[in-house]
Structures are given as structure tokens and as C-alpha cells.
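Residue numbers (this note's numbering): 1 to 132.
Treat the hints as calculated values from the structure; they're not laboratory data.
Here a beta-carbon is modelled for each residue, glycine too, at the ideal position from N, C-alpha and C.
One or more of the hints may lead you astray.
Derived DSS-like pairs: lysine-lysine, alpha-carbon spacing no greater than 30 angstroms straight-line [claimed, not checked]:
(1) 24 - 74
(2) 91 - 107
(3) 107 - 19
(4) 19 - 91
(5) 131 - 91
(6) 107 - 74
(7) 24 - 91
(8) 11 - 74
(9) 107 - 131
(10) 131 - 11
(11) 131 - 74
(12) 11 - 107
(13) 11 - 24
For each label pair, taking beta carbons as the anchor points, the in silico distance ranges come out as [unchecked claim]:
(14) 18 - 108: 19 to 27 angstroms
(15) 110 - 48: 32 to 40 angstroms
(16) 105 - 16: 16 to 24 angstroms
(17) 70 - 41: 40 to 48 angstroms
(18) 26 - 132: 32 to 40 angstroms
(19) 64 - 89: 24 to 32 angstroms
(20) 65 - 32: 51 to 59 angstroms
(21) 131 - 49: 29 to 37 angstroms
(22) 63 - 27: 43 to 51 angstroms
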Amino acid sequence: MIIRQDIRPNKMIWVTFRKEGIHKYPAALEDPNLATGDEYDVSFLGHPHRHIFHFRVEMEVFHDDRDVEFIQAKRTMERWLSDGTMTLDYKSCEMMARSMYDHCISKWPDRDYVIEVSEDGENGCRIYFPKG
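Using the sequences provided together with the hints, build the complete structure.
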């Protein structure tokens with residue numbers, strides 16, 4: 001097997017964890033595109049409702065023996081979330097991903113990140129945060 005020395009891969013590790021949370025989408029109560037009154041009506045999202053939020057955080061590492069140990073990273077990220085059930089008010093998955101990114105760069109700066117947050121592992125977001 002030939003190993004090309006000219007390729008410098010972007011190495012990433014990832015961690016996953018889940019956290020119970022309650023949030024709402026206030027616009028769903030009145031926005032006619034959301035409160036449609038038919039089979040597409042999602043006005044119920046305007047009231048506080050529960051999800052198990054799934055997080056997947058990928059972070060760039062700089063050598064093959066990991067400069068960030070992923071078990072320690074996972075425990076750190078879980079600690080950043082509140083104890084018990086998260087009370088998120090109006091926060092979307094995108095807002096939660098941004099918040100997680102802000103925490104991550106404060107501890108592990110100058111890296112690429114990809115952060116996914118989903119509601120119950122079904123629907124969510126994936127955001128790429130390039131370093132710089």
C-alpha cells in the first residue's frame with residue numbers, strides 16, 4: 001500500500017450525547033404559514049413541549065493520537081448543559097448548536113467544528129463552523 005505524504009487530512013473526532021429539554025416556538029401560534037388550520041398546522045409548537053435533544057459535536061484534532069480525548073470532551077460538553085431538564089424557552093436547534101460552539105471555542109480554539117442538534121433524533125440541524 002502506498003501512503004501519500006502530500007495529503008494533509010482534516011482529522012475530526014466526534015462525541016454524542018442526549019439531554020431532555022423543554023422549548024417553544026412562539027411564532028407558530030400566529031404565523032399563518034405555521035398556524036394553517038389544516039393537516040400542516042404546527043401551532044402546537046408555540047406552547048412549551050418536551051424533547052430529547054440529541055447532540056453530535058465534531059471537532060478538529062491535530063495529530064493521530066488525539067490532542068483532545070473524546071471522553072473528556074463529552075463530559076465537558078455535558079457539564080455545560082444545565083442540570084436536570086434544560087429550560088430553553090424559544091431556543092431552536094440552530095441556537096443550541098451556536099451556543100455549544102461558543103462553549104467549545106472558549107475551551108478548544110482555532111479548530112473546525114461541525115455541530116448537529118436534533119429533536120428526538122428525528123429532525124434537526126447540522127452547522128459547519130470553520131476555524132478563523
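Hint check results:
Distance hint between residue 24 and residue 74 is fulfilled; the C-alpha atoms sit about 26 angstroms from each other, no more than 30 angstroms. The suggested pairing of residue 91 with residue 107 holds, with an alpha-carbon distance near 23 angstroms, which does not exceed 30 angstroms. At most 30 angstroms may separate the alpha-carbon atoms for a hinted pair to count; residue 107 and residue 19 meet this at roughly 21 angstroms. Restraint check for residue 19 and residue 91: the C-alpha separation of about 14 angstroms stays at or below 30 angstroms, so the hint holds.
A C-alpha spacing of about 24 angstroms is found between residue 131 and residue 91, which places the hinted pair at or below 30 angstroms, so the restraint holds. With a C-alpha separation of about 13 angstroms, the suggested pairing of residue 107 with residue 74 holds against the 30 angstroms cut-off. As the CA atoms of residue 24 and residue 91 are separated by approximately 7 angstroms, the hinted pair is consistent with the 30 angstroms bound. Straight-line distance between C-alpha atoms of residue 11 and residue 74 comes to about 17 angstroms, which keeps the hinted pair within the 30 angstroms bound.
With a CA separation close to 14 angstroms, the supplied pair residue 107 and residue 131 stays within the 30 angstroms bound. Taking the CA atoms of residue 131 and residue 11, the gap is about 13 angstroms. The hint holds against a cut of 30 angstroms. Between residue 131 and residue 74, the direct Cα distance comes to roughly 20 angstroms. Compliance with the 30 angstroms bound is thereby established for this hinted pair. Using a Cα cut-off of 30 angstroms, the hinted pair residue 11 and residue 107 holds, with the two alpha carbons roughly 18 angstroms apart.
The hinted pair formed by residue 11 and residue 24 fails the criterion: a straight-line CA distance of about 36 angstroms is larger than 30 angstroms. Taking the beta carbon of each, residue 18 and residue 108 are about 22 angstroms apart, inside 19 to 27 angstroms as hinted. A beta carbon spacing of about 38 angstroms between residue 110 and residue 48 agrees with the range 32 to 40 angstroms that was offered as a hint. One distance hint, 16 to 24 angstroms for the beta-carbon pair residue 105 and residue 16, holds here, with the actual separation near 19 angstroms.
For residue 70 paired with residue 41, a C-beta distance near 42 angstroms keeps the hint of 40 to 48 angstroms intact. Restraint check, residue 26 to residue 132: a C-beta distance of roughly 34 angstroms satisfies the suggested window 32 to 40 angstroms. Distance hint check: the CB atoms of residue 64 and residue 89 are about 42 angstroms apart, inconsistent with the given range 24 to 32 angstroms. Between residue 65 and residue 32 the Cβ separation comes to about 55 angstroms, which falls inside the hinted range of 51 to 59 angstroms.
Checking the proposed 29 to 37 angstroms range against residue 131 and residue 49 shows it holds: the Cβ atoms sit about 35 angstroms from each other. Taking the beta carbon of each, residue 63 and residue 27 are about 46 angstroms apart, inside 43 to 51 angstroms as hinted.
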